[in-house]
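Go ahead and model the full structure; you've got the sequences and the hints to work with.
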Amino acid sequence: MINFRKPAVLIVMLGLLLGSAALFYFQRQEMPAWKWNVESHRLPAGQLEFGSAAVDGKIYLIGGTRPAPLIALIDLTPNMEYCKHLQIFRLRFTTLPSPLLGKLFILPGGSVLRPVTINGNLKKKSECSRLMREPGFCARLPHYRNRNPLSNLSRITGISTRLAARTGILEA
Amino acid sequence: MNTVERYDPERNMWEPVAPLVFPGNHLTAFSDGSRIFALGGRVYQNTPHEIVVRNYDAIQIYDPETNQWRLSPIKMPRGKSGHAGVMISNRFIIVYGGEEYATAVGETHIFDTATNSWQNGPTLNIPRHGLGDGIFFNGKVYAIAGSPRYGLGATDTVETLTVDIAALELLFRR
Chain B
68 MINFRKPAVL
78 IVMLGLLLGS
88 AALFYFQRQE
98 MPAWKWNVES
108 HRLPAGQLEF
118 GSAAVDGKIY
128 LIGGTRPAPL
138 IALIDLTPNM
148 EYCKHLQIFR
158 LRFTTLPSPL
168 LGKLFILPGG
178 SVLRPVTING
188 NLKKKSECSR
198 LMREPGFCAR
208 LPHYRNRNPL
218 SNLSRITGIS
228 TRLAARTGIL
238 EA
Chain Y
382 MNTVERYDPE
392 RNMWEPVAPL
402 VFPGNHLTAF
412 SDGSRIFALG
422 GRVYQNTPHE
432 IVVRNYDAIQ
442 IYDPETNQWR
452 LSPIKMPRGK
462 SGHAGVMISN
472 RFIIVYGGEE
482 YATAVGETHI
492 FDTATNSWQN
502 GPTLNIPRHG
512 LGDGIFFNGK
522 VYAIAGSPRY
532 GLGATDTVET
542 LTVDIAALEL
552 LFRR
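Note that the protein sequences, when read in sequence, are chains B and Y.
Okay, so the first sequence: first residue is 68 according to the numbering used here, each after it adds one.
Okay, so the second sequence: first residue is 382 according to the numbering used here, each after it adds one.
Some hints here could point you the wrong way.
[Said to hold, decoys possible] So the derived list for chain Y, only partly shown, Cβ under 7 Å to chain B, looks like this: (1) Leu401; (2) Gln500; (3) Pro503; (4) Gly513; (5) Asp514; (6) Ile516; (7) Phe518; (8) Asp537; (9) Thr538; (10) Glu540; (11) Thr541.
[Stated by the list, open to error] What follows is a set of in silico ranges between Cβ atoms, one per label pair, in the way DEER data are often shown: (12) Y:Gly534 <-> B:Gly82: 53 to 59 Å; (13) B:Asn104 <-> Y:Thr384: 35 to 41 Å; (14) B:Ala75 <-> Y:Arg554: 30 to 36 Å; (15) Y:Glu391 <-> B:Trp101: 38 to 44 Å; (16) B:Lys125 <-> Y:Arg392: 28 to 34 Å; (17) B:Lys102 <-> Y:Arg451: 45 to 51 Å.
[Said to hold, decoys possible] DSSO-like mimics (lysine-lysine), calculated; alpha carbons at most 27 Å apart, straight line: (18) Y:Lys521 <-> B:Lys125; (19) Y:Lys521 <-> Y:Lys456; (20) B:Lys102 <-> B:Lys125; (21) Y:Lys521 <-> B:Lys102; (22) Y:Lys456 <-> B:Lys102.
If you're looking for bench data, these hints aren't it; they were derived computationally from the structure.
Fair warning: this is a prediction, and the values are worked out from it, not measured in the lab.
Here a beta-carbon is modelled for each residue, glycine too, at the ideal position from N, C-alpha and C.
Take a look at the structure:
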């Protein structure tokens, strides 16, 4: 049985207690340095509701709802030294998440916002010829889908949308 | 909707799998190689006068072996949608940003799939939602663009969070 009246036992117990407290304190001190840093370089323009993925040392942003004309694909260098538009598409894709298959981006569904297209018309041809491979390579989703239910988005924003069922495949 | 579809690149075909427990949109999903975790999301509930947005705090887990979704007994710290997230080391899910009712949020939470527990992370400098899919790249988590306010909007700012995996393991060992 431990004799708590002996000074040596008390000193050891006190040492263990202080050691544990110090360990806990210093472990807690590791995390405050952990913080989000705002990078000095910004995107060419704000963007919302886009797909994104990193491949081959680059981050790709695909689609999105803003601005007009839409930046469909942005090459963002890993050290943030510069941002540039690789291509600009007039299509408006509110993309679903973009899983990667090797160097292929799989873009299932999404929506096309009508009001900001040239002359209000959608260019279906460019939809598949520029952003995606030939239609034969694109499997259609069983259901049309994107992140926003069509009726509710229209009611909230007054924006007319067309949901896409086509699967886009884009090679990095 | 709560439907889930799986893409087979070999056959270039989509096929339906078991539906989610909860329908919704603006949720995030991650895989640890054997399971899929779907976190948060929202549904719109129509009332005679307005559309009410309801955010989920649920974690739904899919097992491809049994083709079944189940609800995790552990919930998210708060109901959230429009957030981003990354899976790190097939174990830690870092969830950041998003939208709660009528506001964009900047909070970060880390979920350890091994211990089924949450820890708080640092807060984004600029709250944002709709910030694309989470990116974990060269040891950093990226928060790119998104809207700093509820609904539509857009920022051109980029924030990064350096992740020390050993520190994460230590964080959940306490």
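A quick look at each hint next to the structure:
1. Leu401: violated (13 Å)
2. Gln500: At about 9 Å, which exceeds the 7 Å cut-off, the nearest Cβ of chain B leaves the hint on Y:Gln500 violated.
3. Pro503: Hint holds; Y:Pro503 Cβ to chain B Cβ min 4 Å, cut 7 Å.
4. Gly513: With a closest approach of 4 Å, the Y:Gly513 hint holds.
5. Asp514: With a minimum Cβ separation of about 5 Å from chain B (threshold 7 Å), the hint on Y:Asp514 holds.
6. Ile516: holds (5 Å)
7. Phe518: holds (4 Å)
8. Asp537: This hint holds: Y:Asp537 lies near chain B, its Cβ roughly 4 Å from the closest one there, short of 7 Å.
9. Thr538: Hint on Y:Thr538: holds, closest Cβ of chain B at ~6 Å, below 7 Å.
10. Glu540: holds (5 Å)
11. Thr541: holds (5 Å)
12. Y:Gly534 <-> B:Gly82: 53 to 59 Å: The hint (53 to 59 Å, Cβ to Cβ) holds, given that Y:Gly534 and B:Gly82 are roughly 57 Å apart.
13. B:Asn104 <-> Y:Thr384: 35 to 41 Å: holds (39 Å)
14. B:Ala75 <-> Y:Arg554: 30 to 36 Å: The hint (30 to 36 Å, Cβ to Cβ) holds, given that B:Ala75 and Y:Arg554 are roughly 32 Å apart.
15. Y:Glu391 <-> B:Trp101: 38 to 44 Å: holds (42 Å)
16. B:Lys125 <-> Y:Arg392: 28 to 34 Å: Given range 28 to 34 Å: holds, Cβ gap about 30 Å.
17. B:Lys102 <-> Y:Arg451: 45 to 51 Å: violated (35 Å)
18. Y:Lys521 <-> B:Lys125: This hinted pair holds, its Cα atoms lying about 13 Å apart.
19. Y:Lys521 <-> Y:Lys456: Within the cut-off at roughly 26 Å; holds.
20. B:Lys102 <-> B:Lys125: holds (23 Å)
21. Y:Lys521 <-> B:Lys102: holds (11 Å)
22. Y:Lys456 <-> B:Lys102: holds (24 Å)
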